[in-house]
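Enquirer: The primary structure of each chain is shown beneath.
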Amino acid sequence: MPRLPGGRGMSLIAAEHLCVRFGGEEVLHDISLRVDPGEIVTIIGPNGSGKSTLLRALLGILPPAEGRVARAPGLRIGYVPQRLHIDRSMPMTALRFLSLPAHQPRNRALAALARCGVAEAAHRQMTDLSGGQLQRVLLARALLTDPALLILDEPTQGLDQPGEAAFYRLIEEVRRDTGAAVLMVSHDLHVVMSASDRVICLNGHICCEGTPRVVSNAPEYRALFGLGTQGALALYQHAHDHDHTHDHAHAHGPDLWHDRAKGHDHA
Amino acid sequence: MLDDFLVRAGLAGVGLALATGPLGCFVVWRRMAYFGDATAHAAILGVALALATGLPVGLGTLVVALAMAVTVATLAARGWAMDTTLGVLAHSALAFGLVAISFVPGARTDLSAYLFGDILAVSRADLGFIWGGAAAVLGLLAWRWQALLTSTVNEDLAHASGLHPDRERLILTLALALVVAVALKVVGALLIAAMLIIPAAAARGLSRSPETMAAIAALIGAGASLGGLQLSLGWDTPAGPSIIAAAAVIFTGSALFGTLRRPGR
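Quick mapping for you: the protein sequence lines, in order, are chains L and F. According to the numbering used here, the first sequence is numbered sequentially starting from 7. According to the numbering used here, the second sequence is numbered sequentially starting from 77.
Be aware that a few hints might be false.
[Said to hold, decoys possible] Quick partial rundown of chain L residues pointing at chain F, CB under 7 Å, derived from the structure:
#: 1; residue: L65
#: 2; residue: Y85
#: 3; residue: L90
#: 4; residue: L101
#: 5; residue: R102
#: 6; residue: P107
It is worth saying that the hints were derived from the structure and are not from the lab. Note that this is a predicted model, so its numbers are computed, not measured. Ideal placement from N, C-alpha and C gives every residue a C-beta, glycine not left out.
Chain F with its partners taken away, still in its complex shape (with noise of 0.2 Å):
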């Protein structure tokens, strides 16, 4: 079954849909788009620190993303201006990365596989990279899950819990950090972020709390996946944008379905 390129195309962006749909929620809940941002684009700088020393591309890409959220989670910790901060890091990060990989020989030519995903040459290797990684996720989800709602909603209210809101702003990096190799192969760096914002903004509307928005955005995210297959085999589109492009379909649909069932707002 896995010999077949279309099976594994679908299982890679269901598994990382698992991921990100969950993960994504707190991104929209702590507004954290911008960092996502930030932290995919370094990606592009892993992928060129990979290439030049030999090393897997999920791994230069996991280390870089890494360092990028750290940064960034530090910077936003001494409290510099994170709307301009994230802005500067975010292009840089991209920028420097499209430069360096210049430097590597033959990579040109694959640049854009990496920038917008390559889902239908997902090897049976990258099926259990992006499983292994969605499932680490899920797993820090699902362990810290009660105290990073908690921080989320206020951070004085959990350290008077007994948490530490710190610990769990780490566990969220990490997260990010992983999702973003993850999702390299899939949806590409520039559209990680639209992978994990877009499936749970769609969510939100659907959803009474936060335990069902985080398994709708899953859902949706599942759902545009196999969507966005479609579309590219039926019409011969890229895979990777056909996946978001379907993503925003959901997205205008349940806007819309929450428009119409409360004319109030």
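So that you can see chain L by itself, here it is in the shape it has in the complex (with noise of 0.2 Å):
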């Protein structure tokens, strides 16, 4: 993998001009982007726009057909995948799951676990483990290498809204604590807009980027989320607009949001 040439910014890592193709469909065109140390940025895009597909370019599984990944010399990446499903038939406690490639001391691994706050999920099987127990043992787990940049595909799929709020604090802590940069794929536009430095609007190319504030004023972004929701865009920028003590109307915003991703889900 090219490495990113010195002299040209501080940033981790970075795509440029990435073309991604399945069988000759292009998946994802002319993707430029870049993560600065520190910052949280999250891709936000409807199903099928190459959100997951752009991550797995970036961490170097899928080949790009055009244009580059350039990485920070050295960058230590700590990837949480979208869902893990292990086989009821593979017995494996979430601290031998920690050890998985490299063997971690048992404290470490102890210890990483109740950072994450499922220290009771040691000596539990994976597979008896809760949705929210799960990510956060697959969190520790990409904590372990001193990663400098977090990767997460919809990290917080599946879990419930406190659990979903949860999850995100402790991942904004995890940044102040170890400074590392977080890329993040979300469904959640309260998320979105409350949690992250930098947002990318995918649907195959790059929409619109930057602020939260600026990307949800972009015209892009409102056509491809404020179709029908139109009610529910002006609540929640309403609710944006002043502070984040209206709790309750952000509230409604996500929920409408997840009616619609849940939606998807089921076609």
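Hints given; two lone chains; assemble the complex.
Expert: The following block contains the structure:
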């Protein structure tokens, strides 16, 4: 993988004119983006917009058809996949899972679990954990590599709203404590607007990019997400423009969004 | 000691079980049961090829099993519907093998030995082949253990950790072909997959980590081999099927034990 050239800023990872194709079909077109140390960047976009594909290309799992991905020299990445399905036929405690593939000293692994609030999961089977516990164990494993960049693919999928909020609080704490940058895919407008430094709106290409406020006012964003949810968006804007104490008003925007997201998932 | 055919048979069974236990765990974890079947059935074609060309049977089996395993793995990687593809390949391999072997003079009489094994006729040379092959499989698995486990849990996770899941899959494919060649003499082409799956499945309920499951599966396989031989001696039953029957009895016991221990499930 090419390294980021020196003297061109401090980015951890950058995509330059990246294109990804599946069997002749272009899934990602001309993507250029970079993630700087310590920032939280969120990628949003409708289903099928290539969000997971983009993360997989950045991780080097998918080869680019054109363009390239450049990483800072020696960059350590912690990755939390969208969902982890361990077959029930495989016995595996959370503690054992943390030692894959590199062996971890027991104390260090236990400390990582405690840091992520799942100390009690250490000796339980992975297949017996709840969705929230599993996500926290995955995060603990990602943190064990001392990453400078955390990449999370819809980490709160399947969690209820309190679980989701708690998980994102944990990610912000991790960023604060370790200084790791975070690049994540999210369905959740609420989180995007409250917890991200930058938002990238994706639909095969980058529609718009910027601070949450800039993006939410961009016509491209509204064309993608605003259709049919004018009321919710207005309510959301209203809440956002004031401050963060209007929890009730805040809660409505994401609710509506969630209904849409769930509708997609059933399809 | 090796002059006693029973001792040789016991050692052959135990040697095979040491390899099929851990490898069988991967077959179970990765849901490769049918994959194992297709590779094992291809062994008959390998026997026909070896007999026709004068190559050693072990080598012919190994080559054809490897070709089949690589074919299946390649088709899987290209996104073929695996259930159907494997069904077609597994049964076609067996059918073509049986047809091919009928052209080889004199082989028809030995057919049941290739289908169901002939463990009581294991020679010293066979024993060397079985233990050598089993050691190679165990060595491969031990060498790649952590990478294999990570790839089995999640390929993206493995990739993000700098591993190559494709390479690990190839290692398992190679190990599977080796085991097929080794197991042919012991349990026969039709029951190789059983020797992979049943001990591993029986070990699942008794294990809390992948490592204990692999070890217990090897122990269960060894126990089934010795038990099956006893059965075969005492009741004059065919040895290969008796070994699998013993493994199935152990599996049933393990499943019952698991149900009793966890009444909630």
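Enquirer: Can you verify the interface hint for L90/L: is its Cβ closer than 7 Å to any Cβ in chain F?
Expert: With a closest approach of 6 Å, the L90/L hint holds.
Enquirer: With chain F as the partner, please determine if P107/L meets the hint condition of a C-beta pair closer than 7 Å.
Expert: 4 Å, holds
Enquirer: Report holds or violated for the interface hint on Y85/L, using the least CB-CB distance to chain F and a cut-off of 7 Å.
Expert: 4 Å, holds
Enquirer: For the hint on R102/L, does the least C-beta distance to chain F fall short of 7 Å?
Expert: 5 Å, holds
Enquirer: Per the CB criterion, is L101/L less than 7 Å away from chain F?
Expert: 9 Å, violated
Enquirer: Quick one, is the L65/L hint okay against chain F at 7 Å, beta carbons?
Expert: 5 Å, holds
Checked against the numbered hints given earlier, this structure breaks only hint 4.
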